[in-house]
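The task is simple: from the sequences and hints, build the whole structure.
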Amino acid sequence: MNPLTRHRKLLENKKVERWYSNVKARSQVTSDTYLRNFGLWLEYLNLDPESVILLARDNFEEFKGMVSDQIRRMEAKGTMGSSISTSIKALISYLKFYNVVVRLGINIKNEGRNLNAERERIPAKEELAKILRVATLRERVAISLMAFSGLRPEVFGNIDGTDGLTLGDIPDLSIDHGKIEFKTVPVQISIRPELSKIRTRYFTFMGPEGSEYLKEYLETRIESGEKLTANSPVILPVEKQSLEKKNVFLMTTLMLRRIKVTILKSGFDWRPYIFRVYFGTNLDMAESKGKISHPWRQFIMGHKGDIEETYTKREGITDEGRGQYTNCLKFLETEDRGISEKQHEDEINAVKIMMLKLAGYTDEEIEKQGMLDMDISDLVKKFDEKRSRSMNNGNSQKVISFKEVETYIEQGWEYVRDFPGNKAIVKLPL
32 MNPLTRHRKL
42 LENKKVERWY
52 SNVKARSQVT
62 SDTYLRNFGL
72 WLEYLNLDPE
82 SVILLARDNF
92 EEFKGMVSDQ
102 IRRMEAKGTM
112 GSSISTSIKA
122 LISYLKFYNV
132 VVRLGINIKN
142 EGRNLNAERE
152 RIPAKEELAK
162 ILRVATLRER
172 VAISLMAFSG
182 LRPEVFGNID
192 GTDGLTLGDI
202 PDLSIDHGKI
212 EFKTVPVQIS
222 IRPELSKIRT
232 RYFTFMGPEG
242 SEYLKEYLET
252 RIESGEKLTA
262 NSPVILPVEK
272 QSLEKKNVFL
282 MTTLMLRRIK
292 VTILKSGFDW
302 RPYIFRVYFG
312 TNLDMAESKG
322 KISHPWRQFI
332 MGHKGDIEET
342 YTKREGITDE
352 GRGQYTNCLK
362 FLETEDRGIS
372 EKQHEDEINA
382 VKIMMLKLAG
392 YTDEEIEKQG
402 MLDMDISDLV
412 KKFDEKRSRS
422 MNNGNSQKVI
432 SFKEVETYIE
442 QGWEYVRDFP
452 GNKAIVKLPL
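Here the sequence shown is numbered in the numbering used here, starting from 32 and rising by one per residue.
The hints are simulated quantities; they were obtained by calculation from the structure and are not laboratory data.
Keep in mind that the hints are not guaranteed to be accurate.
[Said to hold, decoys possible] In silico BS3-like cross-links for lysine-lysine, where the CA-CA straight-line distance does not exceed 27 Å:
#: 1; residue 1: Lys388; residue 2: Lys429
#: 2; residue 1: Lys291; residue 2: Lys322
#: 3; residue 1: Lys156; residue 2: Lys108
#: 4; residue 1: Lys161; residue 2: Lys55
#: 5; residue 1: Lys46; residue 2: Lys95
#: 6; residue 1: Lys214; residue 2: Lys95
#: 7; residue 1: Lys335; residue 2: Lys322
#: 8; residue 1: Lys458; residue 2: Lys429
#: 9; residue 1: Lys258; residue 2: Lys120
#: 10; residue 1: Lys320; residue 2: Lys291
#: 11; residue 1: Lys161; residue 2: Lys296
#: 12; residue 1: Lys434; residue 2: Lys458
#: 13; residue 1: Lys429; residue 2: Lys413
#: 14; residue 1: Lys361; residue 2: Lys412
#: 15; residue 1: Lys120; residue 2: Lys55
#: 16; residue 1: Lys413; residue 2: Lys388
#: 17; residue 1: Lys55; residue 2: Lys45
#: 18; residue 1: Lys45; residue 2: Lys108
#: 19; residue 1: Lys228; residue 2: Lys210
#: 20; residue 1: Lys55; residue 2: Lys228
Computed from a predicted structure; not experimentally measured.
Right, dumping it as C-alpha cells:
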C-alpha cells in the first residue's frame, strides 16, 4: 500500500488533522510528506498521536532514548543520514504544534550529506538527447521544462492535481487556426506564487529545442480534438489519474514515475530530479564563462536572490533576462545551433592576433605575455603602448613642451623630469 494512503487514516484524529492543516496552509507537498513520516515514527515508537505528546512532555529522557535507539537501527540498516534527519522533522513539528518543544541533541551520521546526490553525475548532452528520443511527447516536454528551463516537477501539477502550469503562464504562446505560434524565442514561462517553492512569482525561459517539443505536443492535442485555452494545462494528466481522479492537472508523483520509466528504458538509472540538476550545473558553467550574471542565474532557477524584489518594477527586465538565458543555450540544449563555444573563442582570438600584429607584436611576444587571455581593455593598452613606441622611433623617452605633459600622462606615459626651455621628459612604462 502507498505509505501516504496508509497514513491518511491518521487524519481521522482531530489533533493530527489540525496539525496537518496548519502545515498544508504553507505547502501541500510538505504536509503530505510530514504526514507520512509522522505515521512512520508512530509505528517505530509504537505510540499513538496522544501518547507521543505525553511521553515527550512528561518523560523526555525515555522519549529521547526511544528516538535515539530507532535512529541507530536505521543507520545500521543503511538509511541515509539526510533521510533520517528529514523524517524526524515531522515528529518534531507535530510536538511543537502542541507546545512541546524538544531539543533532542542526537547526532546522526552524515546528516548534512545526500550521499546519493554526491555520487550522481549529471547526464552528458548526448545522454539527455537519447532520453528525449525515447520519451513520449508528454514526457519529452516535462523533461525539457526541467532540463532547459529549470522547473521543479511540482510546477507541472501539484501533488493532488488541483493546480499546475497552464498555457496562460506562457505569455509568448498563441494559437492560430490550430497552430501553435511563439511571439519570440526563447519563450518566457511565468511561475505563479502558488506553484513557486519560494512563494513569489518568477519567470524562466525555454529555447528553440524545448519550444519545438512543446509545439509538437500541443498541436498533437489540437489534432486529437482538444480545445486549448489559456486555462488548459501545459501537460495533461496521465490516463490513470484522469480516469480515477478527474483532476485537470498532472499529479507530480505519477509524472515522476513515468519519467523514471523513460530513463530506465534509455539505459540509465538517474532519478527524475537529475534534469533540474543538469540545468543548474550548466548554468554554473555558463556563469563561470561570463554568459550569465549570478543574480539572473539564481532568479531563473527559482531561488531567492537579488532580483526578485525589483524585477516587476524594472522596465525591460524580461528582455534582459531573455538575453542572459540566450547566452546559456549552448550549455543546455542537445541540438547545436549557430557556432560552437570553441568556434566563437577561435574567432575572438583571430581578431586579437590581427590587432596585436598590426601594432607590431610578434607571435612569440603574444604567446609569451599571454595576450590572448587578456580582456579587451588590457589589449587596447598593449596596442597603444606598442603604437606609441613605434611612433617615437623605438625611443622610450621623449621631450615635450610642458603644456603637453598632462595629455601624455593621460595616454599612459610617465613623467621623468623637467627639461630646459619649459619642456619635460616623459617615458613609456616598461
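To see whether the hints hold, each was checked on the structure:
no., hint, result
1, Lys388 to Lys429, "holds (24 Å)"
2, Lys291 to Lys322, "violated (32 Å)"
3, Lys156 to Lys108, "violated (36 Å)"
4, Lys161 to Lys55, "violated (38 Å)"
5, Lys46 to Lys95, "holds (22 Å)"
6, Lys214 to Lys95, "violated (60 Å)"
7, Lys335 to Lys322, "holds (20 Å)"
8, Lys458 to Lys429, "holds (6 Å)"
9, Lys258 to Lys120, "violated (45 Å)"
10, Lys320 to Lys291, "violated (32 Å)"
11, Lys161 to Lys296, "holds (10 Å)"
12, Lys434 to Lys458, "holds (16 Å)"
13, Lys429 to Lys413, "holds (19 Å)"
14, Lys361 to Lys412, "violated (32 Å)"
15, Lys120 to Lys55, "holds (15 Å)"
16, Lys413 to Lys388, "holds (11 Å)"
17, Lys55 to Lys45, "holds (15 Å)"
18, Lys45 to Lys108, "violated (34 Å)"
19, Lys228 to Lys210, "violated (33 Å)"
20, Lys55 to Lys228, "holds (13 Å)"
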